[in-house]
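Visitor: Read off the chains here:
2 protein chains.
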Amino acid sequence: MDYDQECDVLVVGSGAAAFSAAITAKEKGASVIMLEKGSIAGGTTMRSGGGFWTPNNRFQKQMGIIDSKKDATQYMARLSYPQLYNPDDPLLGLTQNDFDLIDTYYDEAQQAVKFLEDCGAIKTINEINWTGKPQVDYMDHLPENKGIRGRCLYTQNKEGKLSYGGELIKQLRSWATSNNIPILTKHEVKHILRNAQGEIIGLEVLKDGQDTLNFRAHKAVVFGSGGYTHNTKYMLHFQRGPHFGGCSAPTNTGDFIKMGGEIGAKLGNMAGAWRAQLILENAIKHPEGVHNIFYVPGDSVLEVNKHGKRIMDEKRNYSDRAMTHFVWDPQYAEWTNMLVFMIFDQRTATLWQGFAPYPVQGTEAEHIITGDNYEELAKNISSRLKKLAPHTGGFSLSPKFLENLRETIDRFNRFAVSGKDEDFGRGNFNYDREWTTFPPTISGADWPPKDSPNYTMYPLSEKGPYFAVILGAGTLDTNGGPVINKYAQVLNNFDKPIPGLYGAGNCIASPTANAYWGGGSTIGPALTYGHIAGLNAVAEPVKQA
Amino acid sequence: MDYDQECDVLVVGSGAAAFSAAITAKEKGASVIMLEKGSIAGGTTMRSGGGFWTPNNRFQKQMGIIDSKKDATQYMARLSYPQLYNPDDPLLGLTQNDFDLIDTYYDEAQQAVKFLEDCGAIKTINEINWTGKPQVDYMDHLPENKGIRGRCLYTQNKEGKLSYGGELIKQLRSWATSNNIPILTKHEVKHILRNAQGEIIGLEVLKDGQDTLNFRAHKAVVFGSGGYTHNTKYMLHFQRGPHFGGCSAPTNTGDFIKMGGEIGAKLGNMAGAWRAQLILENAIKHPEGVHNIFYVPGDSVLEVNKHGKRIMDEKRNYSDRAMTHFVWDPQYAEWTNMLVFMIFDQRTATLWQGFAPYPVQGTEAEHIITGDNYEELAKNISSRLKKLAPHTGGFSLSPKFLENLRETIDRFNRFAVSGKDEDFGRGNFNYDREWTTFPPTISGADWPPKDSPNYTMYPLSEKGPYFAVILGAGTLDTNGGPVINKYAQVLNNFDKPIPGLYGAGNCIASPTANAYWGGGSTIGPALTYGHIAGLNAVAEPVKQA
Numbered sequence: 002m003d004y005d006q007e008c009d010v011l012v013v014g015s016g017a018a019a020f021s022a023a024i025t026a027k028e029k030g031a032s033v034i035m036l037e038k039g040s041i042a043g044g045t046t047m048r049s050g051g052g053f054w055t056p057n058n059r060f061q062k063q064m065g066i067i068d069s070k071k072d073a074t075q076y077m078a079r080l081s082y083p084q085l086y087n088p089d090d091p092l093l094g095l096t097q098n099d100f101d102l103i104d105t106y107y108d109e110a111q112q113a114v115k116f117l118e119d120c121g122a123i124k125t126i127n128e129i130n131w132t133g134k135p136q137v138d139y140m141d142h143l144p145e146n147k148g149i150r151g152r153c154l155y156t157q158n159k160e161g162k163l164s165y166g167g168e169l170i171k172q173l174r175s176w177a178t179s180n181n182i183p184i185l186t187k188h189e190v191k192h193i194l195r196n197a198q199g200e201i202i203g204l205e206v207l208k209d210g211q212d213t214l215n216f217r218a219h220k221a222v223v224f225g226s227g228g229y230t231h232n233t234k235y236m237l238h239f240q241r242g243p244h245f246g247g248c249s250a251p252t253n254t255g256d257f258i259k260m261g262g263e264i265g266a267k268l269g270n271m272a273g274a275w276r277a278q279l280i281l282e283n284a285i286k287h288p289e290g291v292h293n294i295f296y297v298p299g300d301s302v303l304e305v306n307k308h309g310k311r312i313m314d315e316k317r318n319y320s321d322r323a324m325t326h327f328v329w330d331p332q333y334a335e336w337t338n339m340l341v342f343m344i345f346d347q348r349t350a351t352l353w354q355g356f357a358p359y360p361v362q363g364t365e366a367e368h369i370i371t372g373d374n375y376e377e378l379a380k381n382i383s384s385r386l387k388k389l390a391p392h393t394g395g396f397s398l399s400p401k402f403l404e405n406l407r408e409t410i411d412r413f414n415r416f417a418v419s420g421k422d423e424d425f426g427r428g429n430f431n432y433d434r435e436w437t438t439f440p441p442t443i444s445g446a447d448w449p450p451k452d453s454p455n456y457t458m459y460p461l462s463e464k465g466p467y468f469a470v471i472l473g474a475g476t477l478d479t480n481g482g483p484v485i486n487k488y489a490q491v492l493n494n495f496d497k498p499i500p501g502l503y504g505a506g507n508c509i510a511s512p513t514a515n516a517y518w519g520g521g522s523t524i525g526p527a528l529t530y531g532h533i534a535g536l537n538a539v540a541e542p543v544k545q546a
Numbered sequence: 002m003d004y005d006q007e008c009d010v011l012v013v014g015s016g017a018a019a020f021s022a023a024i025t026a027k028e029k030g031a032s033v034i035m036l037e038k039g040s041i042a043g044g045t046t047m048r049s050g051g052g053f054w055t056p057n058n059r060f061q062k063q064m065g066i067i068d069s070k071k072d073a074t075q076y077m078a079r080l081s082y083p084q085l086y087n088p089d090d091p092l093l094g095l096t097q098n099d100f101d102l103i104d105t106y107y108d109e110a111q112q113a114v115k116f117l118e119d120c121g122a123i124k125t126i127n128e129i130n131w132t133g134k135p136q137v138d139y140m141d142h143l144p145e146n147k148g149i150r151g152r153c154l155y156t157q158n159k160e161g162k163l164s165y166g167g168e169l170i171k172q173l174r175s176w177a178t179s180n181n182i183p184i185l186t187k188h189e190v191k192h193i194l195r196n197a198q199g200e201i202i203g204l205e206v207l208k209d210g211q212d213t214l215n216f217r218a219h220k221a222v223v224f225g226s227g228g229y230t231h232n233t234k235y236m237l238h239f240q241r242g243p244h245f246g247g248c249s250a251p252t253n254t255g256d257f258i259k260m261g262g263e264i265g266a267k268l269g270n271m272a273g274a275w276r277a278q279l280i281l282e283n284a285i286k287h288p289e290g291v292h293n294i295f296y297v298p299g300d301s302v303l304e305v306n307k308h309g310k311r312i313m314d315e316k317r318n319y320s321d322r323a324m325t326h327f328v329w330d331p332q333y334a335e336w337t338n339m340l341v342f343m344i345f346d347q348r349t350a351t352l353w354q355g356f357a358p359y360p361v362q363g364t365e366a367e368h369i370i371t372g373d374n375y376e377e378l379a380k381n382i383s384s385r386l387k388k389l390a391p392h393t394g395g396f397s398l399s400p401k402f403l404e405n406l407r408e409t410i411d412r413f414n415r416f417a418v419s420g421k422d423e424d425f426g427r428g429n430f431n432y433d434r435e436w437t438t439f440p441p442t443i444s445g446a447d448w449p450p451k452d453s454p455n456y457t458m459y460p461l462s463e464k465g466p467y468f469a470v471i472l473g474a475g476t477l478d479t480n481g482g483p484v485i486n487k488y489a490q491v492l493n494n495f496d497k498p499i500p501g502l503y504g505a506g507n508c509i510a511s512p513t514a515n516a517y518w519g520g521g522s523t524i525g526p527a528l529t530y531g532h533i534a535g536l537n538a539v540a541e542p543v544k545q546a
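Going line by line, the protein sequences match chains A and B.
Just so we're aligned, residue 2 is where the first sequence starts under my numbering, counting upward by one.
Just so we're aligned, residue 2 is where the second sequence starts under my numbering, counting upward by one.
It should be emphasised that the hints constitute simulated quantities derived from the structure, not laboratory data.
Any given hint could turn out to be false.
As the list makes no split between identical chains, a pair holds if one copy fits it or if it spans any two.
[Stated by the list, open to error] Dumping the calculated SDA-like pairs for lysine to any residue here, alpha-carbon to alpha-carbon at most 20 Å:
| hint | residue 1 | residue 2 |
| --- | --- | --- |
| 1 | LYS544 | GLY420 |
| 2 | LYS401 | ASN196 |
| 3 | LYS451 | GLN157 |
| 4 | LYS71 | VAL361 |
| 5 | LYS259 | PRO500 |
| 6 | LYS187 | LYS208 |
| 7 | LYS544 | PHE439 |
| 8 | LYS234 | PHE495 |
| 9 | LYS401 | ILE312 |
All chains should be modelled from the sequences, with the hints used to inform the complete structure.
Guide: Laid out in structure tokens, this is it:
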């Protein structure tokens, strides 16, 4: 076969996982080419908060925070595999490979970050939250967590400030470009090429949607591409319940599942995802946009289901919050919480304006449903649902919605006054108070209110208008796909590594399973296993074509 | 390559799907060999109720029951895809392939049964339930169902009586044997063999766990094997929540996922299963046994979760009931309903004795937890859970369990007196009254009680002892795997049929998705797509080896 281009290591994708693999391989002496399906580099990382969850990092050490291997791995194992977790078992109750991926993560995450810092690819910074403390994890209150803080790192920009995904990509891309790693956009990988021995030797690529090119990798191919959020058939056939989109790069259609499947890669964690609730109507109208509701901002705000009942602590993290949508009703054969309704008042909409889903006051926002009172609000939610019926299987409010909504709000208001959420413990957790509840977006607001014993809740105004937004489950991206081992090697269906094939990021079966350990739980493993893939790819023997 | 045996059509497995394919192919003139991994033929069908859900069957026609294509397909589509269902869409809101599988099912199910009857393989009979009516579906009350009865058929034995899975297998096997179809047990298929063009030409088989044999199929291979219930890693990596086993043949470890994956078959419906609650402790002790609780027998019986609260109408069907176990708690990162507790009194245990989970009175049954009163019962459940901790991630009762249990039982007792279950509508549905509630197992019992306005519920005795059984989610079997089209051809990852490869039964992505349409929803599609596979396999051209 003639090859259009050759190098030691081919890297697919251009998000955190892909850059980490490419930079590591390059720094270790390999020639590297990156292949990106989209028209710009950056993948889903570009759209993200850009944090990377890094246990036992140097900032923690500087601050005297002890983040031992035992504590960190117990937290990870417990959160990822609650039904298996067993602190008395050497593997903590997990399978060998699932355990190895977590065990290795603790050791290598900080090393991966250090490597990228040392070679000058990124500058990092830790997060101090608005209350002045190092940031907490998403399940900081679990006994296994030990309340350990400061695991989430970010990129530091030129001004020394904490920055998001755009800056992370900017720094990584800048290093790659300065070090002569070609980043070929609009290069869609179509097939994985193998030699007669079944070793991976390159990729078939469609350039600009028209030219088929063959790329030769002398040593290895690393997939650091995306999940399958934008493949509606895969979402239907693999996920645990109905989703309505997600904020991943629109090019994330599960290509590695298809191509890996073609050559016998074993799939894992296929019902897994990084999840969030999203604004249903906007996701239907603009599937490629970012409509995730990462936080439920403010205090006089709650969520109810079709029966008008609360189903969770609304200050929980986005990923676990979205999991509450997958409740099956065996009486009527429907997903009870498939759509939920975020309810808030004028004061909250004003104070936190501009923070989604609240529009800047005075601007139009079609996703907001309004009512002068609860009765009108319920009626208007109902009509809106009727319009959306072709997209939702005709999902509708139950006859008791209004009656229950009134009771629910009375009850919520009483909790807000007492400071104690007797149903879901809203505000009991550091995460609730320090991460998803934060001061108003408008300046000069007198907040928290002096009469609030628990500033995560405040009674809704006695007078309307009231507002509602329809939320459905969505993803940041899925995180199931071909299974890797602790060397980031992709395994075949008989648990043997496929020679020359590596994976990291959202395209593979995540070491996290279905858990979101803390801020940066997506990019942390992406950087880490990308780094491990890069190291091992360089050490591979040259394969015969 | 030398082949140890040759035929036109190789069939893998020996349950309903496999026999249907084998008998069809043989009757149409092909030479056929069946390969069974286990030491006896019959697969999961052998362990089953043996019904086959057959819309518009001849018994319905005889009884004047009109079961139109429109009504039946709308019911199937609505139940299988509630989030997509759209009656105004030509595909009812489904994808083309998912729709085709349902559409074809309506037409072919009755034909498949007729074919097997006409060739003398089986004799069939319809079910008249204990109330004297043709049997109802599992969601008979959905508007799309139109209350249509009589879709579930069974095998008729020599005495003209309705019979179960054992008899179905006996009849099928008898025909196969009489017609010279070898049924080779202890023949475990290990790999699918292909020629240079990628066409399927045979199977590599391990005989008696030691000899590797190559079987040549001139025309086609049909997989009619099982799901992956007994592969704990697959259960963990594909299912929507924690399961603790299932009643499928112990050999059902997802072999077709592995082998199909090896040759590039596309996977689908991977989070799907036929489900049931099962007796946790027995499933842990004897994973290969049948511990499913298909019905919650009796009237003074209910189920509560770790908070002591009811979560469903306990008279719903086993598959949907098990779905209630997958509720995620975003506050404490655990599966709230992972284990639930079936609570009942002495009267119920006596009246329905011998029907699982109630032991025959006087016999020992370790899975029964006893308490003289509710306090003692709660205490004893708690201690039992402590012992089980290594198997359950330390699942435990919440501190409010006893208080809530008392309230829950008071409330249930009030519902039983009024006849109206205000929370879940128990007894509102024909299915509840005619299928899962039935007269006592002991003769001469005066039942239903005259003071019961709704015989699905009766107040628990004011005096103990009381009893509990710990239930977890399990399967009859999973039903995800390689995707087929309406011709039962297995598709590759690019949606093209793999030449010469067919599939049916629990080993493939089920046409039902995650729904259980009615009695026989497992074996109906198995027989039907097995039959379709058999017909098309015979018509295949001979492949070059």
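Visitor: For every hint, state whether the structure bears it out.
Guide: For each hint, the structure was consulted:
1. LYS544 with GLY420: neither (65 Å within a copy, 74 Å between copies)
2. LYS401 with ASN196: Neither: 64 Å inside a copy, 63 Å across copies.
3. LYS451 with GLN157: For LYS451 and GLN157, neither the intra-copy (36 Å) nor the inter-copy (76 Å) Cα distance is at most 20 Å.
4. LYS71 with VAL361: neither (46 Å within a copy, 49 Å between copies)
5. LYS259 with PRO500: Classified as both: same-chain Cα gap 18 Å, cross-chain 18 Å, threshold 20 Å.
6. LYS187 with LYS208: This pair counts as within: shortest intra-copy Cα distance 6 Å, inter-copy 50 Å.
7. LYS544 with PHE439: neither (55 Å within a copy, 68 Å between copies)
8. LYS234 with PHE495: The answer is between: 13 Å across copies meets 20 Å, while 26 Å in one copy does not.
9. LYS401 with ILE312: Classified as both: same-chain Cα gap 16 Å, cross-chain 18 Å, threshold 20 Å.
Hint compliance for this structure: hints 1, 2, 3, 4 and 7 are broken, all remaining hints hold.
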